[in-house]
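Visitor: If you want the building blocks of each chain, they are given just below.
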Amino acid sequence: MSASVLFDTPGPKAKQRILLINIIGTLLIVGLLYLVISGLAAKGQMDGSLWASLFTSNAWVNFLLPGLLNTLKAAGLGIVLSVAFGLIFGMGLLAEIKALRWFSTVVVEFFRAVPVLLMIVFFNILLSRTGVVDGTDAPYWAVVISLMLYNGSVVAELVRSGVRNLPKGQREAGIAIGLTGTQSLRLIEIPQALVAMLPALIGQFVVILKDSALGYIIGFTEFLFYARTFASANGNMLQALLVAAAVFILINFALSKLAEFVSRRLSSRMPNEKPAAPEADALLPLAVPPGDGTK
Amino acid sequence: MENYLSLFTEYNIPAAFWVNIQLTFWAAIGAMVLGTILAMMRISPVRSFVTFGAGYVNIIRNTPLTIILLFGVLALYNQLGFTLAADFNQNFFNLAVMGLAIYHAAFVCEAIRSGVNTVPVGQAEAARAIGLSFLPAAREVILPQALRGSIVPLGNVLIALIKNSTVAAVSSVAIEASSVMKTMLEFRGDMIIPIFATFAVGFVIIIIPVGLLTTWLSKKLAVAR
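So the protein lines, in turn, are chains S and Z.
If you're matching positions, the first sequence starts at 1 in our numbering and goes up one per residue.
If you're matching positions, the second sequence starts at 1 in our numbering and goes up one per residue.
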């Protein structure tokens, strides 16, 4: 943030003023934190025993780790399936046949507009009623299918804008050497678009992991579900939810850092062309891309 | 057909959507206020404010909304006895609004910041060169352009908020769309697909005008550069 639009480089007087405001600001923020923690302590929430039970092997081996494993299983499968779904429908959005393009547009727009939770509730009941999967597995598959449909649609849009942002010469060159339109799309344009959209794609993985927690509502035995089960027995719901949030934040933060790293690597690999990263902001209603703007 | 229409007489579907719209309305105001304050902190030259704003955004953005809303009900209300209204149901509604506002404020902050980032540094330099001091420069030159640049991302946050208002089901807001749909699916097993289609189309009808409006506004107000 060397050249800010809003502020001139401060002179000696402004520097002094900024320093003063900085000190007051720090005191305010520390004071606020102190108020929260002392308020909790006054209610007996900072008692060591409430926290300690969350860091025992019983808590992790019997509750949190099995839950986390289920969360990661659902999110992992969700990621793989949404990328596959996104590639197929992304190609559909770019297809030369008009009917195919229309069909893909309707599917993608529909699943982007419907709340994921509605899909999860619907598929849970549909799967358990029709008995397509074993009743106890219905919540898991409901979460995976819903994550695939919503995030796959977002990925399809990413694929489309990634291909649109490629220089026109790529397609022209493909056609010139005798490839058909579809071949040029598959062999030349999509591979390049995939590389350019990688940071936005990883950002979408954060959304998938966060949304997998919605499974809690339909009784999918994921991380949050086990955290709550453990906490109701131990009377430390507040503490358990904070620990659960911390675990999610850590994993997502690592993913965001990975996206930033990839995006830096890509921009240094393509010195002349800015990597045609699709405008993730306009595409991902739930995720502002990690690290945007903080160059 | 008659069977389908009976769904509307048995259950009050418009009322369910109305709850979601109310949740969205209040949460949008809260998120806008909080998000603007956070954005101002993040673009200020004061270190401690920048750190606080960045910390808030990074923590909240990486936390599932489910946990935030659950925290309001299970930790704040059940465990600490914290209430936002005397009325039992109103309290849950307010807690849900608070959770939604806290979560989406992080995205509003980033939307506004990305708007400020669309203004070229040359604009500020030109403003100073013609002798405008900080406030006039901000008011006349920079903020008008920044606000127009943030219309599209802000519209996307609003769309996300409309959809996420269904998650208020975990805050025990009982009569919003996803809970009503769940009840209907459980009691009317013969109509599973029509019920889902009705609610899905309901959301499509609410969301498409918002999307069209933001696109239209951003084009109409686009800064010619």
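Treat the hints as calculated values from the structure; they're not laboratory data.
Hints are not guaranteed to be accurate.
Computed list of lysine-lysine pairs in DSS-like fashion (alpha-carbon distance at most 30 Å, straight line) [what the hints assert, rightly or not]:
hint, chain 1, residue 1, chain 2, residue 2
1, S, 73, Z, 182
2, S, 98, Z, 182
3, S, 98, S, 257
4, S, 98, S, 13
5, Z, 220, S, 168
Visitor: None of the hints should be skipped; say for each whether it holds.
Guide: Quick rundown of the hints versus the structure:
Straight-line distance between C-alpha atoms of residue 73 of chain S and residue 182 of chain Z comes to about 25 Å, which keeps the hinted pair within the 30 Å bound. With a CA separation close to 37 Å, the supplied pair residue 98 of chain S and residue 182 of chain Z exceeds the 30 Å bound. Between the alpha carbons of residue 98 of chain S and residue 257 of chain S the distance comes to roughly 40 Å, so the proposed pair goes past 30 Å and is violated. Between residue 98 of chain S and residue 13 of chain S the alpha-carbon distance is near 65 Å, which puts this suggested pair outside the 30 Å criterion.
A threshold of 30 Å between alpha carbons decides the hint, and for residue 220 of chain Z with residue 168 of chain S the separation of about 28 Å falls inside it, so the pair holds.
Going through the hint list in order, the structure does not satisfy hints 2, 3 and 4.
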